[in-house]
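K.L.:
Residue numbers (our numbering), protein chains in the order written: chain P, 535 to 824; chain W, 971 to 1445.
Do not rely on the hints blindly, as some may be mistaken.
Said to hold, decoys possible - Calculated cross-link-like contacts (lysine-lysine; reagent style BS3-like; alpha-carbon spacing at most 25 angstroms):
1. P:Lys806 x P:Lys792
2. W:Lys1088 x W:Lys1028
3. W:Lys984 x W:Lys1088
4. P:Lys576 x W:Lys1173
5. P:Lys561 x P:Lys576
6. P:Lys561 x W:Lys1088
7. W:Lys1259 x W:Lys1221
8. P:Lys564 x W:Lys1049
9. P:Lys807 x W:Lys1221
10. P:Lys792 x W:Lys1259
11. W:Lys984 x P:Lys576
12. W:Lys1005 x P:Lys576
13. W:Lys1259 x P:Lys799
14. P:Lys792 x W:Lys1309
15. W:Lys1259 x W:Lys1309
16. W:Lys989 x W:Lys1143
Hints are computed from structural coordinates only; laboratory data are not their basis.
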Amino acid sequence: MARILEKRLLRQPDVFYFKVAAPLISKKAKAGQFVIVRLHEKGERIPLSLADIDPGAGTISLIVMAVGKTTNEMVLLKQGDDILDLCGPLGQPTHIESAGRVVLVGGGFGVAPLYPIARAFKAASNEVTVIMGARSKDLLIYEQEMQGVADTVIVTTDDGSKGAKGLVTDALTKDLGCRLPGLVICVGPAIMMKFVAEATKPFGVKTVVSLNPIMVDGTGMCGGCRVNVGGRSMFACVDGPEFDGHLVDWSVLMNRQKSYTAEEKESFEAWKKRHELMLGSAAPVCELKS
Amino acid sequence: MTDTAADQKRSAKKIVPRKTPIPEQDPKTRSRNFKEVSLGYSPELAMQEAERCLECSKPTCVSGCPVSVPIPRFIKLVKEGKFKEALDTIKEANLLPAVCGRVCPQEKQCEQRCIVGKKFDPVGIGRLERFAADWVMQHDLVDAPPVAPSTGKRVAIVGSGPAGLACAYELAKLGHGVTILEAFHEPGGVLLYGIPEFRLPKKIVSREIDLLKQMGVEISLNIVVGKLITVDEILEQYDACFVATGAGTPKFMGIEGEELNGVYSANEFLTRMNIMRAYLPEFDTPIRKGERVAVVGGGNVAMDSVRTALRLGASEGIIIYRRTEEDMPARREEVHHAKEEGVRFEVLAEPVRILGENGAVTEVECLHMELGEPDKSGRRSPRPIKGSEFRIPIDTVIMAIGTNANPLVPQSTKDLALHKWGYIVADERTGQTSRDRLFAGGDIVTGSATVISAMGAGRRAAQAMHEYLVGAPSK
Ligand SMILES: Cc1cc2nc3c(=O)[nH]c(=O)nc-3n(C[C@H](O)[C@H](O)[C@H](O)COP(=O)(O)OP(=O)(O)OC[C@H]3O[C@@H](n4cnc5c(N)ncnc54)[C@H](O)[C@@H]3O)c2cc1C
Ligand SMILES: Cc1cc2nc3c(=O)[nH]c(=O)nc-3n(C[C@H](O)[C@H](O)[C@H](O)COP(=O)(O)OP(=O)(O)OC[C@H]3O[C@@H](n4cnc5c(N)ncnc54)[C@H](O)[C@@H]3O)c2cc1C
Ligand code: SF4
Ligand code: FES
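Bound-form chain W, shown alone:
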């Protein structure tokens, strides 16, 4: 009998078919507050869920994980109640388990491949990962890893999102002097200004950053690379540099009325809410408190925007998406949560213009769409149905239709090879760019992707940079 067949046989016998439900705030209550939606497992619930794992000897889940977390090993430790050890095991591969347990698209990664999922719900790997990280934090057992003696090398990292943080962590651990240069006045990247508090509490992000500081990583804020200092100048002062500036600049649709007041990019709306904390009365940054808010798009960014608008007091939040709900790139859980919270889904629809009065938005006009032939990505491409115009009365529109590469760093760096769309060309394994001593990773290389892929890129680049640094003469 093959391994998997044996596994399956075992599973058929005693598996609890459903994932252990995770306690959550009631949808009505939570759609009016900014507290975290999901409350997390208790130790008992976590151990109960861990029991569902078969500890496969050839675990398929691990092959679905972009950084190959040793999933069965950590789940076994959860089963045994060894939560700290479980977390240490996860951390061998994933530096930000508290973050990733919350925001990874597990249903497309580990959980999609979990063998239990063939017949029943897959094991709740993300929930268990999150539990282990939270438990260790709550019990104050987080310890900074040992830092190797100083190598005397200095490295600059541009950007403090997951790619930059992961790279900093690895390089600091190996004894290199690390300075992060960040454009904003607070570090964290999208973890801070993009993903909202109710999905990723900011104190989790700040703890990770404190840990880096304990390890001796320096974080210089308010430094816009490409303006205050160029990458070429950084390379004169440091032994190596890692660029992790994220995807950056928001797309608009280019339709009539986008300049009206009340039309936001998701980046602007979420930045005002998250890093500038516009929803708290004692903070100065203003935000429009929309009554009826339409969000264009079907990804995580769109779900975050519409749910944030509800929490800000909107009586109606509407998602406008040109394909079907099944095609939405958002995490399933976010779509599910949005629906529970009363978000209206206007699918197979695309805005064609925005109408306003006195300079402010009043309506969005859309066309119904139908699905045509599959495109390159295998998804059937939507096309407008002639004459199907309809209007939705709204006072706020948020565009969550993706981003383009921010040109600040690419354009100010000499001889840096770029892709057609302005993203940096970097080796997938090492992050090496076309320039000596210059590495890059995360969204600025791949375009908008995921936290875990950015983190993985940061780690891989750190390894390659380390190999380079130990062999190179000091600056």
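So that you can see chain P by itself, here it is in the shape it has in the complex:
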């Protein structure tokens, strides 16, 4: 059981910040790792990245984007509620090295897990450039936090409502053209990581991505999270989640993420019906529109 110490809306209407009491995990966790939560006795296990780690306070932070049943259930939890099962830290931490300059590229909730990564690279005396993008300015998260830790923060929006108009890949290509960094790390939706890896390839810059396949145990026991990297099958939960973006077979990842689309939809629809019955049709429910 882990107590939710703080919860707030980070981005209308679907992204929430949670600070959770996790004294043991906070002492062990490192940037780039994740946890698995299960919310109730009938719940599934879902992975969530560490968006912050505070060993002093004994807390970790999680950012949740409501896209389906479990994430919607999670964002309905309140401060003071408990998360039934919290398991971690899982996965390999980000390899923090002295790379000179590091460019961190984030999209969607992926910006949040980049925050502890940015801090760690900064602490290892790197120059840190953050490129973060969203469709429009209201959808940006963690900008303040990033401003506080990075040397440079480049914001892009599809509609030009803030920062440069365009995609993160445009800004990235421009940045790489000016001055090559020692390392690029990208966390975000698979499609974005794929394009970022394609963008860095011609420059020959090492590019690390954080893969998000469907997981169950998170300990290497089931193989459900297998991804194809450099022609080899790897288990993202123990071998990753970070891999060399130039070696990832993106079509395998994106296809496997869709394994249960029908089942997930059915379960979500049923939940929404029950939820509406309970709370009326004004009940806030968020969905991934794609």
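Given chain P, work out where chain W with the ligands should sit, using these hints.
P.N.:
What follows is chain W with the ligands alone, placed relative to chain P:
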């Protein structure tokens, strides 16, 4: 006349040749539900079967039992209708009789050596063991054993499968403070997430675990050792540690198409079904409800997977195995049950690639095999017949071809000696590893084996740990 000869002479006279049949759910009905297949003996049937035992004075059955259950002694008590006493007798050697009576490969162990089996069916030792345990449970006569006064020593056990549970039981009984650290959100190991409900009802496992809690054993869940805490840190906090993390990580074949949707490892398929209960609509974890399901392998894991798929609604379940049916490592009973339930056996066949459309499996292509020269294990090794490709249309493939050692604990522990394949080196008698105060047992030492061997290893290690603990200064 020698003992055995005398026994045989007696047996020839009055033995009922066949095992007393055990009531079972009808194959058609049961292949569509998750209730236990075998319903167990009534007291009358159990006593009738017990009559078949000759109570040999030099019982050969006992030598076939990995933990030497005093078989004739308990069977005699069943004969006399003293079921509680029978169970107590079994428990001298076997802590999980309700489990082992159901899942032990008796035909390769006790029953294989039973003297009656030389001429007729062997005595149904497993069925009787199960009966005694069930009867005592049904009559609420299970009692937690007396626990010795606290020794002030603290022991950590990593993993809550049969090896960990047995070790915890023994050490708690001897008065040591025991904490089990388990990665999952429920304890039980393979008993919970591997072996399905229709073969081992989960309430049996949870009763055993409740018993441990009554004895004061603490169970800490959601703790992945090697990640949240290392074995080295455990050894700083506890007087000794027993590692029983099981065999762990699933093997795939490395063939084309294994990344397609609809290809599972048996571990994933069974975990989703068993511990996550994906087959119950009110549980959230999704599972693919395959219409035509192929399972690759011939062990218990393969049988469990294919029969689970049937219960989930598959119209066809197919076992693909590269040797012959006789070579299958599964318990005979499971093979028999699978056949009764309509599972198709495609033997002497091996998948060479998996084909798909739109990212999902549609067919598996196999080669026919023939048997060549015997290999090291004495089994004739299968080799592919060139040009014999054939395809089976399916929508789900489950790989049940074994596991490798999970590296989480071995790799995060300093100076721990490992075998070539990553399993932990431990003394067979004591479980002692290359590290002081660190013991190990079960599948993480032997590779995939059996419930009873894991349990035996847990018990032996507990004894060795006890001897160490009583002689050592407290932490
Ligand atoms: C390593 C890792 C880190 C992640 N970090 C975060 C994070 O910090 N914040 C966040 O909001 N989300 C994160 N995710 C994604 C999150 O786990 C999924 O959004 C969540 O599981 C969706 O569950 P659902 O029931 O709400 O939606 P569903 O409708 O069930 O699923 C929506 C989509 O999410 C993915 N998904 C579903 N189940 C799982 C599962 N068990 N494991 C992984 N993906 C799944 C699938 O691709 C699916 O199509 C992470 C995923 C991984 C693998
Ligand atoms: C589907 C299936 C069917 C089987 N059928 C039979 C049968 O009919 N008869 C038979 O005798 N045997 C059978 N077996 C084999 C038998 O179940 C195993 O040999 C036995 O369970 C091994 O026991 P164990 O205690 O070593 O490990 P396990 O039962 O595997 O338990 C290990 C435990 O450790 C936990 N763990 C792992 N890593 C960590 C970590 N890093 N930190 C904390 N905890 C950890 C796991 O979550 C698990 O709970 C079957 C196995 C399977 C998979
Ligand atoms: S079970 Fe078989 S071998 Fe064992 S004592 Fe009875 S008759 Fe003899
Ligand atoms: S989630 Fe099961 S092996 Fe990675």
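K.L.:
Decide, hint by hint, whether the structure agrees.
P.N.:
Hints, verified against the model:
no.: 1; hint: P:Lys806 x P:Lys792; in the structure: holds, 21 angstroms
no.: 2; hint: W:Lys1088 x W:Lys1028; in the structure: holds, 15 angstroms
no.: 3; hint: W:Lys984 x W:Lys1088; in the structure: holds, 15 angstroms
no.: 4; hint: P:Lys576 x W:Lys1173; in the structure: holds, 17 angstroms
no.: 5; hint: P:Lys561 x P:Lys576; in the structure: violated, 29 angstroms
no.: 6; hint: P:Lys561 x W:Lys1088; in the structure: violated, 62 angstroms
no.: 7; hint: W:Lys1259 x W:Lys1221; in the structure: holds, 23 angstroms
no.: 8; hint: P:Lys564 x W:Lys1049; in the structure: violated, 62 angstroms
no.: 9; hint: P:Lys807 x W:Lys1221; in the structure: violated, 41 angstroms
no.: 10; hint: P:Lys792 x W:Lys1259; in the structure: holds, 15 angstroms
no.: 11; hint: W:Lys984 x P:Lys576; in the structure: violated, 55 angstroms
no.: 12; hint: W:Lys1005 x P:Lys576; in the structure: holds, 20 angstroms
no.: 13; hint: W:Lys1259 x P:Lys799; in the structure: holds, 15 angstroms
no.: 14; hint: P:Lys792 x W:Lys1309; in the structure: violated, 34 angstroms
no.: 15; hint: W:Lys1259 x W:Lys1309; in the structure: holds, 21 angstroms
no.: 16; hint: W:Lys989 x W:Lys1143; in the structure: violated, 37 angstroms
This entry does not satisfy hints 5, 6, 8, 9, 11, 14, 16, going by the numbered hints stated previously.
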